[in-house]
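Student: Chain by chain, the residues:
There are 2 protein chains.
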Amino acid sequence: LATSTYFRLWDGRASLNEGALLRFSPDFTTQVIRRLDPNFAVCYDQRTRVPLWTLEHLTRETITMGKNVDRGNSIFREDNRIHTFFRSTNQDYSGSGFDRGHMIPSADHRSSQESMNNTFFLSNIAPQVGKGFNRDKWAHLERYARALVKHYIGGLWILTGPLYLPRLDPTDNKLYVKYQVIGPNQVAVPTHFFKIMIGQQKDGQLDIYSYLMPNEPIDKDTPLEKFLVAPELIEQNAGFLITTEKIQKNKIRTINQPWIDFKL
Amino acid sequence: LATSTYFRLWDGRASLNEGALLRFSPDFTTQVIRRLDPNFAVCYDQRTRVPLWTLEHLTRETITMGKNVDRGNSIFREDNRIHTFFRSTNQDYSGSGFDRGHMIPSADHRSSQESMNNTFFLSNIAPQVGKGFNRDKWAHLERYARALVKHYIGGLWILTGPLYLPRLDPTDNKLYVKYQVIGPNQVAVPTHFFKIMIGQQKDGQLDIYSYLMPNEPIDKDTPLEKFLVAPELIEQNAGFLITTEKIQKNKIRTINQPWIDFKL
Ligand SMILES: [Mg+2]
Ligand SMILES: [Mg+2]
Chain A
18 LATSTYFRLW DGRASLNEGA LLRFSPDFTT QVIRRLDPNF AVCYDQRTRV PLWTLEHLTR
78 ETITMGKNVD RGNSIFREDN RIHTFFRSTN QDYSGSGFDR GHMIPSADHR SSQESMNNTF
138 FLSNIAPQVG KGFNRDKWAH LERYARALVK HYIGGLWILT GPLYLPRLDP TDNKLYVKYQ
198 VIGPNQVAVP THFFKIMIGQ QKDGQLDIYS YLMPNEPIDK DTPLEKFLVA PELIEQNAGF
258 LITTEKIQKN KIRTINQPWI DFKL
Chain B
18 LATSTYFRLW DGRASLNEGA LLRFSPDFTT QVIRRLDPNF AVCYDQRTRV PLWTLEHLTR
78 ETITMGKNVD RGNSIFREDN RIHTFFRSTN QDYSGSGFDR GHMIPSADHR SSQESMNNTF
138 FLSNIAPQVG KGFNRDKWAH LERYARALVK HYIGGLWILT GPLYLPRLDP TDNKLYVKYQ
198 VIGPNQVAVP THFFKIMIGQ QKDGQLDIYS YLMPNEPIDK DTPLEKFLVA PELIEQNAGF
258 LITTEKIQKN KIRTINQPWI DFKL
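Note that the protein sequences, when read in sequence, are chains A and B.
Residue 18 is where the first sequence starts when you use our numbering, and the numbers rise one by one after that.
Residue 18 is where the second sequence starts when you use our numbering, and the numbers rise one by one after that.
Next comes chain A alone, as it looks inside the complex (with noise of 0.2 angstroms):
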C-alpha cells in the first residue's frame, strides 16, 4: 500500500493538475478502526497510543461465560497491527502505576476464549487509576452495563472511551488541558472516561445513558446516578455527535432516567 500511494502521487509528471494535491491525502489518518472481534470494535488514536472510543454490541450470548472460558488465560498482547511508532506496550504501563485499563470489558465478551483474548489487545486499553476506579467504581458501572442487557431485547450498544478535560488554573485564571504520558511510548494518561449505553427496546425505542467519570479513585459509596452527564457534553469533548445527529429524536424514550432497580 505504502508504495502504491507513493506512485499514486510522484509518478515523476509536473503535477500542476488539480488532482495533484488529492492524490497524496486517502490513506492519511492519525485513528485507525479496528474490528476486534465480531461483536466490537476500537478507534486507536495515534497520537495519544489509547482509544478515542471502542463500540461494543452486547447481548445475551455475549455475556454469558462459555465452557471452559477463563480470565485467568488471557494476556494483556501488543496489536502488533498498530504502526511501532504509535503501539502502545506492556512496558509503557509497568512501574507506572496505572493499571491496564480495559475499555471494552473482558467480562461483556466471554461466550468464548477468543472473543475474551481479544479484549486484552493493547489497542483497547488505557492507563487507569487502579484502587478505587477501575477495581472498584468503574467496575460497578460495567457491571450495571451488563445488567442491563437482560432488559433490552434488541442488545445494547456501549461506546467507552477516555477524556482530556481542562481545569482552571486558579494563579492566572486560564484553562488548562494537563495529563500526565507514561513509559516510552508516550501513552497518555486521561483525565476522565465516558460511557454511553444505548438500549433498544422490543419496539425500537431507545433508552440512552451516558456517563462520566473522573480517573481518580472514588468513594465506594457513591451512586452511579450521580455520573449522568448530558450525552452532548461527552459528544463535544470525544469529537464525536451520536445522540445528537445519528439518532432520531423520536425514537429516543429516555435519557439518562435509569429504572431498573439495581442491586449488584
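Honestly, the hints are just simulated from the structure, not real lab data.
Hints are not guaranteed to be accurate.
It does not matter which identical chain is used: a pair holds within one copy or between any two.
Simulated pairs of lysine-lysine, DSSO-like, Cα-Cα distance not exceeding 30 angstroms [claimed, not checked]:
1) K237 x K191
2) K243 x K148
3) K195 x K243
4) K148 x K195
5) K219 x K195
6) K148 x K268
7) K191 x K268
We have chain A already, so just place chain B with the ligands on it with the hints.
Tutor: Just chain B with the ligands, lined up with the frame of chain A:
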C-alpha cells in the same frame, strides 16, 4: 445522512448477526478532512478545535500574486461545515492574547482572491503566539518555503500542523502534556508547530525538510536550521506516517540538507 445511518442500525431486528456492530461505525470519526481549495486541504480535529494537519501543494503559480488580489480583503470566517459543537469562532480567539495563526499561509495561495480567502477559514487556524513567533520566526520559515518553490519544478508539498509535546516536571520527575484552551469552544493552544516540506526535482527525486518550533517568542537571530528535526520525531508525535511509509526510500535524495543560499 444522520437519518439513514439511524435506520441502517436500528432497523427493528434483534441484531444478533455479525453485521450489527459495524452498521453503526462507518462515518463515526473525530476528524474531518476539508478540501478548502484545489491546492490545499485541512484535517480538522473536532476534539481540539484546531487542525491535526494541513496539506498544500505549492507551485510558482500559487505563490504569484494575481491581479487585484489584496490580503486586506480577506477576513477570518467560521467554517460552517464543521458542526457547531466543534467549530472554532472568532470569539474564541478574541481577547485571548493569541494570534489567529494560519497553518496554510495566505501568501502561499495568492493567485486569486478566492484562494487567499479560503486560507482564512478558521478550520485552517490555530492559536499562535504573535510577537516573536507568528509574526516573526514562524513567518520566516513560511518565507523560506516560498523561496524553495522556485527550485522544485515538480512542486512543493507542505504539511503543517500543531503538536502537544510533554515536558518533564522536575518536582515528581514525570512527563506531562499541558496546554491552554481558549474561548467558549475551548480551542487548544498547541505547544509546538511542525512543517514538513517535500520538494520534487525534475528527475522525480525528493528533498525533505522537517521543522519543529515551540509556540513561543523566538530570538530573531536564531537560524532556521536550528529547528530541523528528524521527520520521524514529528510523525511519532503527530500520529501519522509520511517519510516513514508513504515515500520510497530510494526516491529520497536528501533529508534536512538545506542547499539553497537563503537570504531573505
Ligand atoms: Mg477494568
Ligand atoms: Mg501566520
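Student: Starting from the hint list further up, note which numbers the structure goes against and sort them upward.
Tutor: Failing hints, ascending: 5, 6, 7.
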